[in-house]
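Here's the letter readout for the chains.
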Amino acid sequence: MRYLPLTDRDRSEMLAAIGVDSVDALFADVPSAARLEGLVDLPKAKGELEVERAITEMAARNIAAGSVPFFIGGGVYRHHIPATVDHLIQRGEFLTSYTPYQPEISQGTLQYLFEFQTQVAVLTGMEVANASLYDGATACVEAVMMANRLTRRRKAVLSGGTHPHYREVCETYARFVGFELAALDPALGDAEDLTELVGPDISCVVVQNPDFFGEIRDYSDLARACHDVGALLVVVVTEILSLGAIRPPGEMGADIVAAEGQSLGNALNFGGPHLGLFASRDKYVRQMPGRLAGQTIDADGRRGWVLTLSTREQHIRRERATSNICTNSGLCALAFTIHLGLLGETGLTRLARLNHATAVGLAERLERIPDVQLLNRAFFNEIALRLPRPAAAVVDALAEKGVLAGIPVSRLYPNRVELAEVLLVAATEMVTTTDLDRFERELKDVLS
Amino acid sequence: MSALRFTRDHEWVRLDGDFAVVGITDYAQSQLGDVVYIELPKIGHRVEKGKEAAVVESVKAASEVYAPVSGEVADINETLTADPAKVNTDPMGEGWFLKLRFDDPQELDDLMDETAYTRFVAEQH
Chain A
1 MRYLPLTDRD
11 RSEMLAAIGV
21 DSVDALFADV
31 PSAARLEGLV
41 DLPKAKGELE
51 VERAITEMAA
61 RNIAAGSVPF
71 FIGGGVYRHH
81 IPATVDHLIQ
91 RGEFLTSYTP
101 YQPEISQGTL
111 QYLFEFQTQV
121 AVLTGMEVAN
131 ASLYDGATAC
141 VEAVMMANRL
151 TRRRKAVLSG
161 GTHPHYREVC
171 ETYARFVGFE
181 LAALDPALGD
191 AEDLTELVGP
201 DISCVVVQNP
211 DFFGEIRDYS
221 DLARACHDVG
231 ALLVVVVTEI
241 LSLGAIRPPG
251 EMGADIVAAE
261 GQSLGNALNF
271 GGPHLGLFAS
281 RDKYVRQMPG
291 RLAGQTIDAD
301 GRRGWVLTLS
311 TREQHIRRER
321 ATSNICTNSG
331 LCALAFTIHL
341 GLLGETGLTR
351 LARLNHATAV
361 GLAERLERIP
371 DVQLLNRAFF
381 NEIALRLPRP
391 AAAVVDALAE
401 KGVLAGIPVS
411 RLYPNRVELA
421 EVLLVAATEM
431 VTTTDLDRFE
441 RELKDVLS
Chain B
1 MSALRFTRDH
11 EWVRLDGDFA
21 VVGITDYAQS
31 QLGDVVYIEL
41 PKIGHRVEKG
51 KEAAVVESVK
61 AASEVYAPVS
71 GEVADINETL
81 TADPAKVNTD
91 PMGEGWFLKL
101 RFDDPQELDD
111 LMDETAYTRF
121 VAEQH
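Residue numbers (my numbering), protein chains in the order written: chain A, 1 to 448; chain B, 1 to 125.
Derived from the structure by calculation, the hints contain no laboratory data.
Just the calculated beta-carbon pair ranges, DEER-fashion:
| id | chain 1 | residue 1 | chain 2 | residue 2 | range |
| --- | --- | --- | --- | --- | --- |
| 1 | B | PHE19 | A | THR172 | 37 to 47 Å |
| 2 | A | ALA33 | B | ARG46 | 37 to 47 Å |
| 3 | B | GLU64 | A | GLY178 | 16 to 26 Å |
All C-beta atoms in this analysis are idealised placements derived from N, C-alpha and C, irrespective of residue type, glycine included.
When you get a sec, could you build the whole thing from the sequences and use the hints?
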């Protein structure tokens, strides 16, 4: 039985109809470096068992996150996910549901989205949150574009403490949507004075807290400086658990919070799917991107939920919509909601404190090593260290010893010589005292 | 000249000295249904004839309001923010959107007068 639905003749007829020579010509816009020349060298056919064996063998060459002491963060964090989360999200009613346009058949989905929004608003200290976006990076650029619409200005300032991936996403949008982005160089310590850059032509200033290097700051003064000239403050949070311990952006005067919600309920997932969190002020709700679930009452006066303020969105507003993001990360949002619901406020605070305590234990141990310098003054569960040698080689050497030591900043900023010796290290509740001791011992050994 | 003119996109424009007052017609509001939100330009902002000047959102849809003439926004009806339903109850009066300091009175020439607009609306059905 053939299961390729098209014959060669079908193909050539279709190509002729649109006036193109070959299927390859349709991919002319993809840069050649990103294209595969010829097929991958694979055997023509193998039995299932043989394939399984070969793949298992290959997989065994990976060092899995859960199999060794693991200190990698940098925007994605390995936390414990209670078994309840996976069990509940796999219920068919949740797992296979789609955009809940019809409230009469979607009350379960709409209710959890409403609860999710409530949790995000409370966590961030904001008034209103949407039903999620793809991930923190897209949430960040959506925040910039929302600020551009609200202020009718076209220039945003991006702190050098913003995650470089978020910055790259913003740069891509700026280039193709057409707005100006003043992205500052990565800055350690207090090198950056953002208030100086705030002016009447600026739509918003984007800062991250804790920043990419783990540093925590109070942005209340910056918020005031922004508001004085009619600009907005966007606060990015890549480790949402930090809000169980530190002051939420809303209390600092943030106008928009764009965050990554992966830390609660969601695994590392090889970098995605993740969960974009987006919260703002009530007065700006009409310019918010993404879905919003709202509470209402039905014909019998009973409480129920619906999608609301949908005229902002592309299924109604077409190209004039506040965003082209339509489908949220519903299942990831559900996992977040279940995990946070299980934790409760007390549990969240305790988990956050445990993370911080573990990171303090890590900092104390690593600082004891000669020539290793802690670069942070205030941090949550991630720190930046300056090593006496380029960090990339040290990380490789530690991986050989079975310790995943963190991210050499040079991986994300390959051209910045001054950052070559900087290592980002995260410690969550998954890290044990034994792991900490082992890291200290092995790092000392590698550096000696 | 105190002229009242209409566009094919169902805006009305009334001359008031050097200014042109702009709103949407009774027909437009009846088609939109309950108006829930109005987005107005900033005072001092320039608008071009035929280009977007404001947005009106009802329970059914969100639509752009186009400038019937080019000019600078001299005033906006801020009371609509608190009470957008005025557009439904009094579209040609209290439900006005904005006041323009217009450039060229000749731009009014290709707009419809009331009789022509009434006929235009009748032809829509």
